[in-house]
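There are 2 protein chains.
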Amino acid sequence: MKTCLDCLPCFVRQILDAGRLISEDPAVHEEILRESLQDLANENWNNTPPVIAQRLHKKLKTKTGINDLYRDQKKAHNELALHLLPKLRADVSTSDDPLTSAAHFAIAGNIIDLGAKNGLSENEVLSAVEHASEEPLEGDLDAFRTAVENAESILYLGDNAGEIVFDRLLIEQLGPERVTLAVRGAPILNDALEEDARLAGLHDLVPIIGNGNDVPGTDLEQCNDKFRALFNSADLVISKGQGNFETLNENPRQIFFLFKVKCPMVANASGQPLGTHVLMEKAKQ
Amino acid sequence: MKTCLDCLPCFVRQILDAGRLISEDPAVHEEILRESLQDLANENWNNTPPVIAQRLHKKLKTKTGINDLYRDQKKAHNELALHLLPKLRADVSTSDDPLTSAAHFAIAGNIIDLGAKNGLSENEVLSAVEHASEEPLEGDLDAFRTAVENAESILYLGDNAGEIVFDRLLIEQLGPERVTLAVRGAPILNDALEEDARLAGLHDLVPIIGNGNDVPGTDLEQCNDKFRALFNSADLVISKGQGNFETLNENPRQIFFLFKVKCPMVANASGQPLGTHVLMEKAKQ
Chain A
1 MKTCLDCLPC FVRQILDAGR LISEDPAVHE EILRESLQDL ANENWNNTPP
51 VIAQRLHKKL KTKTGINDLY RDQKKAHNEL ALHLLPKLRA DVSTSDDPLT
101 SAAHFAIAGN IIDLGAKNGL SENEVLSAVE HASEEPLEGD LDAFRTAVEN
151 AESILYLGDN AGEIVFDRLL IEQLGPERVT LAVRGAPILN DALEEDARLA
201 GLHDLVPIIG NGNDVPGTDL EQCNDKFRAL FNSADLVISK GQGNFETLNE
251 NPRQIFFLFK VKCPMVANAS GQPLGTHVLM EKAKQ
Chain B
1001 MKTCLDCLPC FVRQILDAGR LISEDPAVHE EILRESLQDL ANENWNNTPP
1051 VIAQRLHKKL KTKTGINDLY RDQKKAHNEL ALHLLPKLRA DVSTSDDPLT
1101 SAAHFAIAGN IIDLGAKNGL SENEVLSAVE HASEEPLEGD LDAFRTAVEN
1151 AESILYLGDN AGEIVFDRLL IEQLGPERVT LAVRGAPILN DALEEDARLA
1201 GLHDLVPIIG NGNDVPGTDL EQCNDKFRAL FNSADLVISK GQGNFETLNE
1251 NPRQIFFLFK VKCPMVANAS GQPLGTHVLM EKAKQ
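Here the protein sequences line up with chains A and B, keeping their order.
Counting in our numbering, the first sequence runs from 1 upward without gaps.
Counting in our numbering, the second sequence runs from 1001 upward without gaps.
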């Protein structure tokens, strides 16, 4: 999806949040904000929102020399999620429908998104996970089940740190022997990198590949050849999170999108209300 | 209060809302937004938020030749409020404490603020009024009562159209013979003008003066001499709404601010949580 004009206020907020992580000096925040407003005024708004976010953050990285601004928050979210994992795995294994149960937790974990919202509290994460199975799961669950049963190869597109631990539950149910996990190729916001997937123990289960870039989504033009080959050849692509949806929702291949609707623009593009847990099939075009 | 960096995303949203009222053409919205981002990048952020809003809207007025963009919405809000007035007046007159009851309604009416939020529905207004007296009124009610009892002259600073009808209930309780009502001197957002105050029948009760400018607040430097003289000489100044608070909260004179807290920055400056109905005395400094 293209960037909507309504995304502009959100970019300004996101960059202000990043500025406050970089420094405690209001003069630094102001300088970053003034430059970002200028850049946004001149930006090509036909880009997807994640590509514009990438550009804004890239400039911050160059300016400050800080490459992984969200490292501490990612670490905290990974640890919180790992702490919850045994209980959730037990819940999945005793569920009447472990695949659905695991999908519920994976989507609930998508709340851990520091691009969509600043100041996410531990309690918000705990509450999202606790109430995960009570949330209605909007979408194409039967089609998903059938696609999973029939796929010999599955490419799973990860989204955020912390959330990647919950993805593990779903990957365990999918049958790890068929799955390859893709993560971002370089730090951006709190998006999961290979180190986050390894921390979740996923390297013992599945091959992990970095997609070669730092878009907080999946911008195929910027992805490396290995990723693109897998994306084109996999029987099934499972895409987690808003950023992957925003960059792939117009792609011609069949994809199952799993995410929590966290902004009005994605609500509009997906046809699902704000807050909804979505499991959506986009059929091959 | 100075503009906070957190006000910047909100300005961008406000201008996008205005652009959508001006035209249905996305190219026009984009042009307005690009120019406003540029202007905001170069703005003096030591100004109060209402003064920056004034400048952004002034540029829109010049560009489009549309002077009163919110005319239709103001008319609709005035009519809705006038429809509610007889019932609310009866509630006030049978109340054990008519002054507090009228203050409640006047503050509830402050929800009609199209600067703080776009797309306000009739139901939101009705619900705010219906539940007005259940809302806790944070502040200095006893000091307010005493100040009202002792004042020979009261300057009442109006805020928005529609809301001005609810202000009438409070002005009736204050004793109209002592009150002068000030409104904006020219159209800005949905702020009340003399025509709105007349529609509420206030011209039969009190003298009405325009303050001589189109700041969505009270920027004394831009106010006319008549307004400033009244502001300085009145025994009591009652200030309605966030915009008046944002422009006068650092003024040295005693003022009673009545408003609903509608943004985190005003929550911070007032020390009251988002959503609170505030009746706050600022003592003479």
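In short, the hints are calculated from the structure, not lab data.
One thing to keep in mind: the hints can contain errors.
As the list claims (entries may be wrong) - Which chain B residues stay away from chain A? Per the calculated CB distances, all over 10 Å, these:
{"no.": "1", "residue": "1030"}
{"no.": "2", "residue": "1035"}
{"no.": "3", "residue": "1143"}
{"no.": "4", "residue": "1148"}
Stated by the list, open to error - Here are the simulated lysine-lysine pairs, DSS-like style, with alpha carbons at most 27 Å apart:
{"no.": "5", "chain 1": "B", "residue 1": "1262", "chain 2": "A", "residue 2": "262"}
{"no.": "6", "chain 1": "B", "residue 1": "1262", "chain 2": "A", "residue 2": "117"}
{"no.": "7", "chain 1": "B", "residue 1": "1058", "chain 2": "A", "residue 2": "117"}
{"no.": "8", "chain 1": "B", "residue 1": "1059", "chain 2": "A", "residue 2": "117"}
{"no.": "9", "chain 1": "A", "residue 1": "262", "chain 2": "A", "residue 2": "226"}
{"no.": "10", "chain 1": "B", "residue 1": "1117", "chain 2": "A", "residue 2": "262"}
{"no.": "11", "chain 1": "A", "residue 1": "2", "chain 2": "B", "residue 2": "1075"}
{"no.": "12", "chain 1": "A", "residue 1": "87", "chain 2": "A", "residue 2": "58"}
{"no.": "13", "chain 1": "A", "residue 1": "75", "chain 2": "A", "residue 2": "2"}
By construction, the Cβ of each residue, glycine as well, lies at the ideal position given by its N, Cα and C atoms.
Far enough from chain A: is every CB of that chain over 10 Å from the CB of residue 1148 (chain B)? Fine: 40 Å to the nearest Cβ keeps residue 1148 (chain B) off the interface.
Are the Cα positions of residue 262 (chain A) and residue 226 (chain A) separated by 27 Å at most? violated, 31 Å
Decide, holds or violated, for the assertion that all CB atoms of chain A are farther than 10 Å from the CB of residue 1035 (chain B). Residue 1035 (chain B) is in fact no farther than 10 Å from some Cβ atom of chain A, at 8 Å.
Is the nearest Cβ of chain A still more than 10 Å from the Cβ of residue 1143 (chain B)? At roughly 34 Å from the nearest Cβ of chain A, residue 1143 (chain B) sits farther out than 10 Å, so the non-interface label holds.
A cut-off of 10 Å on Cβ-Cβ distance, and residue 1030 (chain B) was said to be off the interface with chain A. Does that hold? violated, 7 Å
Please verify whether residue 1059 (chain B) and residue 117 (chain A) have alpha carbons no more than 27 Å apart. The given pair, whose Cα atoms are some 31 Å apart, is violated under the 27 Å limit.
Quick one, are residue 75 (chain A) and residue 2 (chain A) close enough, alpha carbons at most 27 Å? This hinted pair is violated, its Cα atoms lying about 31 Å apart.
Straight-line alpha-carbon gap residue 1117 (chain B) to residue 262 (chain A), limit 27 Å: Judged against 27 Å, a Cα distance of about 19 Å means the pair holds.
Between residue 1262 (chain B) and residue 262 (chain A), does the CA-CA distance stay at or below 27 Å? holds, 21 Å
Pair hint residue 1262 (chain B) and residue 117 (chain A), alpha-carbon separation not exceeding 27 Å: Holds - the C-alpha atoms of residue 117 (chain A) and residue 1262 (chain B) are around 19 Å apart, at most 27 Å.
Hinted pair, alpha-carbon criterion (27 Å max): residue 87 (chain A), residue 58 (chain A). Please report holds or violated. violated, 38 Å
Holds or violated: residue 1058 (chain B) and residue 117 (chain A), Cα atoms, limit 27 Å. Distance ~32 Å between residue 1058 (chain B) and residue 117 (chain A) Cα, so the pair is violated.
Of the numbered hints given earlier, the model fails hints 1, 2, 7, 8, 9, 11, 12, 13; all others are met.
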